[in-house]
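Participant: Given next are the chains, with one letter for each unit.
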Amino acid sequence: MDPNGGSSSAGAADGASDPAAARRRHSKKPKYSRFTQQELPACKPILTPGWVISSFIFVGIIFIPIGLASLFASERVVEIVHAMTRTVTFLVPKQMKSPVYIYYQLDNFYQNHRRYVKGRSDKQLRSRASENDTSSCDPEDVTSNKSAIVPCGLIAWSLFNDTYGFSVNNTLLGVSKKNIAWKSDQQHKFGSDVYPKNFQSGGLIGGAKLNSSIPLSQQVDLIVWMRTAALPTFRKLYGKIEVDLEANTELTVVIENNYNTYSFGGKKKLVLSTTSWIGGKNDFLGIAYITLGGLSLFLAISFLLIYIIKPRPLGDPTFLSWNRNPAGHFNFN
Amino acid sequence: MKRYVYINDDELSQELYCDNRISNRKYTLLNFLPKNLWEQFSRFMNQYFLLIACLQLWPLITPVNPASTWGPLIFIFAVSATKEAWDDYNRYLSDKKANEKEVWVVRQGIKKHIQAQDICVGNVVWLRENEEVPCDLVLIGTSDPQGVCYVETAALDGETDLKTRVIPSACMGIDFELLHKMKGVIECPIPDKDIRRFDANLRLFPPFIDNDFCPLTIKNTILQSCYLRNTEWVCGVAVYTGNETKLGMSRGIPEPKLTAVDAMIDKLTGAIFVFQIVVVIVLGIAGNVWKDTEAVKQWYVLYPKKGPWYELLVIPLRFELLCSIMIPISIKVSLDLVKSLYAKFIDWDNQMIDQETSTPSHATNTAISEDLGQVEYILTDKTGTLTENIMIFRRCCIGGIFYGNESGDALKDVELLNAVSSGSPDVIQFLTVMALCNTVIPVKSKTGAISYKAQSQDEDALVQAAARLHMVFVNKNANTLEINFNASIIQYEVLDTLEFTSDRKRMSVVVKDCQNGKIFLLSKGADEAIIPYACAGQQTRTFTEAVEQYSQLGLRTLCLAWRELKEDEYRDWSLMFKEANSTLVDREWRLAEVCQRLEHDLEILGVTAIEDRLQDGVPETIETLRKAGINFWMLTGDKQNTAIQIALSCNFISPEPKGQLLLINGKTEDEVGRSLDRVLLTMRITTSEPKDVAFVIDGWALEIALKHYRKAFTDLAILSRTALCCRVTPSQKAQLVEILKSCDYRTLAIGDGGNDVRMIQQADIGVGISGREGLQAARAADYSIGKFRFLKRLILVHGRYSYNRTAFLSQYSFYKSLLICFIQIFFSFISGVSGTSLFNSVSLMAYNVFYTSIPVLVSVLDKDLSEKTVMQHPQILFYCQAGRLLNPSTFAGWFGRSLFHAIVVFVISIHAYAYEKSEMEEVSMVALSGCIWLQAFVVTIETNSFTVLQHLAIWGNLAAFYIINWILSAVPASGLYTIMFRLCKQPSYWITMFLIVVTGMGPVLAIKYFRYTYRPSKINTLQQAERLGGPILSLGNIEPQPRSIEKDVSPLSITLPKNRNPVYEPLLSDSPNSTRKSFGSATTFDFFPSQSRLSSSYSRNCKDN
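Residue numbers (full-length UniProt numbering), protein chains in the order written: chain A, 1 to 333; chain B, 1 to 1105.
Hints were generated in silico from the structure; no laboratory data involved.
There's no promise every hint is true.
[Stated by the list, open to error] List time: in silico SDA-like cross-link candidates among lysine to any residue, alpha-carbon distance up to 25 Å:
hint: 1; chain 1: A; residue 1: K97; chain 2: B; residue 2: K985
hint: 2; chain 1: A; residue 1: K281; chain 2: B; residue 2: P189
hint: 3; chain 1: B; residue 1: K741; chain 2: B; residue 2: D426
hint: 4; chain 1: B; residue 1: K1008; chain 2: A; residue 2: R312
hint: 5; chain 1: B; residue 1: K985; chain 2: A; residue 2: I180
hint: 6; chain 1: B; residue 1: K868; chain 2: B; residue 2: Q351
hint: 7; chain 1: A; residue 1: K177; chain 2: B; residue 2: P972
hint: 8; chain 1: B; residue 1: K1018; chain 2: A; residue 2: P49
hint: 9; chain 1: A; residue 1: K281; chain 2: A; residue 2: T249
hint: 10; chain 1: B; residue 1: K1018; chain 2: A; residue 2: T48
hint: 11; chain 1: A; residue 1: K281; chain 2: B; residue 2: A914
hint: 12; chain 1: A; residue 1: K97; chain 2: A; residue 2: T171
hint: 13; chain 1: B; residue 1: K305; chain 2: A; residue 2: S144
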């Protein structure tokens, strides 16, 4: 995408040719090389109207189709967003091909807060041997009798604990938790020999409790939760529905509302979504591409018009003010 | 304060004075670390980074791993320390070599071989031919029966000719064996660094000689680092040893020079620092407010109700650490690196090798190349700098007859040859003075050819010319001079030599004709030092005219004179002279006074004219550099007329009607003041006219002007593009530099001799010509070049490129640091103003040191215009002067760009990676790779010429970014595990990158293109002309027409001074309201030189019209 990159113009062979032989005779001390003489062959592109205009046109031509494709892909994703109350019933607007991803969305929840992101111990999560490595977990590091909390820290402590039950026509829909966590996390970040210990046993209960007989590597909700989000509005994978949902299916969700978002005015939302090649529903890229492509074309056309209406020969030496003023008393502007 | 050195006294002096161990080392093994660290930490930037690094050790506030600052900090320190250590180690090795050299020293009456470092003050040291002198010695014996030895002092003062040294008279004739047992005392001053003075006394103890004091001068010493030549052996008493020798004392660490660019970078750094503090305070307050209002509601953050006392400080300090990357830690290392490469490019440059001597140019100071491109004033010496300093005898006037006026070469003038062969007494006397009145040493080679070793080029020229005219100076044997004239040998005995000093401006010898016993005083010197002392009744008019005529032709003149002395007159004087010679205080002044008593009533024999040719390419160089907007000042010790002539012939000033010379002169304060005011007024009036106005001032008037009218003179200095300062002393040269520097001009001083050293050291840039006057100037200088004409290339090519490159590199460094810092700041707004770092430690560390440093480093190869174009259009240097490519407003552009790019990267990253994709590590890597992509394109768009290396660095670096991150993503323990693989598999990642690049670069490109085409700078226009090929052909017409140099440079072809008169007219018009032609006598112009010679000459010129 570099308009300059290719345009190697006349300068390439410049300089290095003529006096080289003459110099070589005498140059005993500094060895002659193109590098030492700063004469490496170089391509010296300049911003000619042709190059600039065609690169803007090129950008326009490339961007608009990509934008349309992205937008189209995003439009094809079927997404249902619902604010959470106790029980929700809604219609599926379009057919949703399996897998249908179930996300919970939290607004105004600062998983990226400094105090929060630091509240974990990767070593402790990884292996049992480092169970007592809780130095970074303050204030949820140890119980009152100084024995280590596993998994320690604010992130694990505030684990999301709402649960959803889905049913279609009063038939329960199975929610699969398989592969909702990253495989790499399960294999390398969360130890298979690390079991929850002293978790949520203190005076303050944060979020979900963990079954202390299941190793951390199998606690997929925890693993998902612990991939902290960079933005205060985020979605996390809750599970998958492994069957297609036909259009106009009436879907009933029974929500067990445990997680406290009232204190900070955050909202909880339930999201059901399919996926496409650019991921979930996100119009941003498509719109940005189309806008940018349009702008590029607009710029290209304006440049072209300016170029036609008011041509300006490049490199006209009369623009050098000292050429206009013969006495050598040039003034710059 | 005096020092008493007891010869051969082993016990006494050992404790009192230091041994002969030389140490140039800055560090020892033990103090290296503390001292080096102390030095490094005395820089503000380093203190700052250390503070940041220490704060990072506090886990509560550090946003990232402390390694992200410690790593680069330690790396940078290690690089600087290694460089220092290496330099110091080399100094140590050379010291060690000098210290452990074996020398013969007398100990307890026996000659012993010991190491040089064990020599004590008072020891008698023996040296053989071609050995280096280990310490400062007072000679007591030589192999030469006349007590003479020859030394080469090149290492001390850079002069390559041999110097004669003699043993003191008291030691004359002492037997070789007895020297071991010699006892005595030398009373000498405490060590100083004056290598031209040694005012001491020697008294030998019985049984050697009477109790008389024997005066010692520098002539009786041989100094450390000299070499003994043409002498079998010498022995001497060590008087100064180790670091107390004259060489050791003059050794010093010069003040490091700071370039304008460095100063600007420091200023910008300061501004960013302030900006950073403001950001930190604002975000700190915002953070604390957020914490108190919002964070308490966010139950999951679990803020304690009551924090520790320092709680209020925690968030601001976190932001301080987060923003610390705003100041690029790598900038100093990058700059050091590229600066040493600039210096190397100068060293390597094949086009700046002096082909005659095959000396390449050399950058001694590797840190100030950028300043070369910003020079506004060049102060140049004349002799040896503009001229070749090869003296050729061209003309003479003997007894009123001019020789050499027709042919331009007196040696070929038939009349003169006839006069010589017919034995005209005037001519013979003239030639005798030419051959004898000097300090030249004839050296006979094995083939019998005679060559001359002379300290001054003028003397050499005179002796050579005399030899060509059959008066051959064949031999100097102690005090006997032998002259071969027309195959007969004439012998003279030298009785005394009245040496040349710059105050006396003449030298004389007293010789005795060995045939008839007559004593003569032979003198030669500047006209004003000889002609006023002519004997009463002698017509000096022709000589004055001859001097006038010759100096108008740009020739150097010397007047020759003689006088026969009466036996008793000489004897009386001789006693006074001896006494003056042995005074310890004010010896020079006393001697001058005594000499004056002999040098009067001279019979003037004639005037010699010596040509000092202009170096090749001087006029073109000056013209080109003046076009580049550089102002030239010529500072010379020479006469006004000679200086003006040279100035005319080398384009320094233009002849009428284009040019105008304004004269400042006067003998008294009032006169100078009035003259100065008038010149200033004229200067102000003529600034609007396209005219080359120059002022001329001589040393005397300058002294007064600097003392009493400093303000007015400074105003004048700012106004005038050209100035000629004649008859100026070395310290005045330095003062002039100081004045220009005080007006904030970048000055470059160029010179070749010892008298230029002060000016060279004072100027922002000192350039030395490694010429015939020795290497003294070249050693003191920041750059040494072989010929004046290389200055053009040095400034226009090396200086300009260096400045452009550094301007880009430094601003880019700030840009990239600001970019990542702005992203961090934006991120803090969506992370509860808590000071979370978006980027991980590894990325932050590698970002500054690695990802973004390498592409920009290759900008040292960037050339915005080809060398040829720059040479054709030197005016383009304007963009470098006064910092037009690196200043707050250009920096504001870069600041804006980084802000814009930060917004682009941040907004696109958080929108493209929103909701379910908003995983921290992924968003962080998306933003980081967005930055890296933008960097690559920013460097690309700012690069003017791409060599293979640039492509390699820019695109290779981009590839390296991915490779490194893939490697990191493959390590399970790293936080980055699998992240980069996941991202690279997503089409949306690449689409996002593409979007960032186009959104970021599109506007930049559009603006750049618009400016480039519709508001082109001169650089752009030339780039277009150069690269499009088409209009460049028409550029050829604008090229400065090659001047026919012959016409201008060889004033010798003009026989009559009358022809030059138009040139002199401007001098007469220095009163703005005077009508030049109307005045009749010089007396109406009170600002005219009161000196009769000058005024008469001007009025004569005028009448000739």
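Participant: Are the hints correct? Go through all of them and say.
Facilitator: Against the structure, the hints:
no. : hint             : verdict
1   : A:K97 / B:K985   : 23 Å, holds
2   : A:K281 / B:P189  : 93 Å, violated
3   : B:K741 / B:D426  : 52 Å, violated
4   : B:K1008 / A:R312 : 15 Å, holds
5   : B:K985 / A:I180  : 18 Å, holds
6   : B:K868 / B:Q351  : 13 Å, holds
7   : A:K177 / B:P972  : 24 Å, holds
8   : B:K1018 / A:P49  : 18 Å, holds
9   : A:K281 / A:T249  : 21 Å, holds
10  : B:K1018 / A:T48  : 16 Å, holds
11  : A:K281 / B:A914  : 10 Å, holds
12  : A:K97 / A:T171   : 19 Å, holds
13  : B:K305 / A:S144  : 18 Å, holds
Comparing the model with each numbered hint stated earlier shows that hints 2 and 3 do not hold.
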